[in-house]
Amino acid sequence: SQQGEEDPQALSIQEGENATMNCSYKTSINNLQWYRQNSGRGLVHLILIRSNEREKHSGRLRVTLDTSKKSSSLLITASRAADTASYFCATARGFGNEKLTFGTGTRLTIIP
Amino acid sequence: DTAVSQTPKYLVTQMGNDKSIKCEQNLGHDTMYWYKQDSKKFLKIMFSYNNKELIINETVPNRFSPKSPDKAHLNLHINSLELGDSAVYFCASSRLSSQETQYFGPGTRLLVL
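Protein sequences, first through last, are from chains R and L. Heads up: the first sequence at position 60 corresponds to 60 in the numbering used here, and the numbers run straight through without jumps. For any residue, its number in the numbering used here is found by taking its place in the second sequence, counting from 1, and adding 112.
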C-alpha cells in the first residue's frame with residue numbers, strides 16, 4: 001500500500017469556494033510535500049512542511065501537519081478555475097538519499 | 113528558461129524496439145530522478161543519481177538502464193519494449209538529497225503498440 005494516500009480521490013467545487021484535501025501516511029517522516037499536476041504536465045512543487053512544523057501558508061494555500069495522526073491537509077482558499085489539477089502529497093523519511101514517496105493524488109475540478 | 117527538460121515529448125513505438133529518453137537540468141542540482149506514472153496517475157520512482165552515482169534503484173526490469181554522463185544529464189534507455197511500458201516518464205532533479213523539493217520535467221509519453 002502507498003505511504004501517502006490522499007482523500008478524497010476526486011473533488012468538484014464551485015469557483016470561489018475553499019477546497020480541502022487530506023493525506024495520510026504510515027511511517028514517521030522528516031518532511032511532507034505537496035505537488036500540483038496540471039493535465040498533461042509535470043508536477044510542480046507547492047509547499048514543504050517539516051515534521052516539527054504544524055502549519056504553513058503560501059498565498060491561498062494552507063498546509064497543516066499532524067504527526068500524531070500521521071496526516072496532513074491542503075486547503076486552497078477562494079478557488080479559481082486555474083486550480084483545476086491533481087494534487088499529490090509526498091513524504092520524505094529523512095534517511096539520506098531515501099526516496100520521496102508519492103500518494104495517490106486528489107483530482108480537483110473547479111466549476112466556473 | 114527551461115529548468116528540467118526532456119526529449120522526446122511523445123514516443124510511439126512497436127513492441128520489441130529499443131528507445132531512449134533524454135533529460136537535462138540547468139538548475140545546478142546534484143541529484144536527478146526517473147519516475148514512471150501509470151494510467152491511474154500513480155507516480156513511482158525508478159532511479160536516482162547523485163553526481164553521476166546511482167543511489168536509488170527500485171525494482172525495475174533490467175531492460176531499463178539509466179545513464180548519467182554528467183550531473184546535469186540523466187538518460188533512460190529501454191530495451192525490448194513491452195506493452196506494459198506504456199506510461200508517462202518524468203525526469204526530476206533536486207539540489208542535494210531526495211528529501212528536498214524536486215523539480216519535474218514535462219514528461220515523455222511513451223506508447224508501445
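Among these hints, one or two may not hold up.
[Said to hold, decoys possible] Taking lysine-lysine pairs in the DSSO-like style, the calculated list, with each CA pair at most 27 Å apart, reads:
1) 69(R) with 164(L)
2) 56(R) with 26(R)
3) 70(R) with 26(R)
4) 164(L) with 26(R)
5) 70(R) with 152(L)
Rather than coming from a laboratory, the hints here were simulated on the basis of the structure. In this text the structure is predicted, and so the values were computed from the model without any measurement.
The hints, checked one at a time:
1. Distance check on the hinted pair: residue 69(R) and residue 164(L) sit about 38 Å apart at the alpha-carbon level, beyond 27 Å; violated.
2. Taking the CA atoms of residue 56(R) and residue 26(R), the gap is near 21 Å; set against the 27 Å cutoff, the hint holds.
3. For the suggested pair residue 70(R) and residue 26(R), the alpha carbons sit about 7 Å apart, so the restraint of at most 27 Å is met.
4. For a cut-off of 27 Å, the pair hint linking residue 164(L) to residue 26(R) is broken: about 32 Å separates their Cα positions.
5. Between residue 70(R) and residue 152(L) the alpha-carbon distance is near 24 Å, which keeps this suggested pair within the 27 Å criterion.
Violated hints, listed in ascending order, are 1, 4; each of the other numbered hints is respected by the structure.
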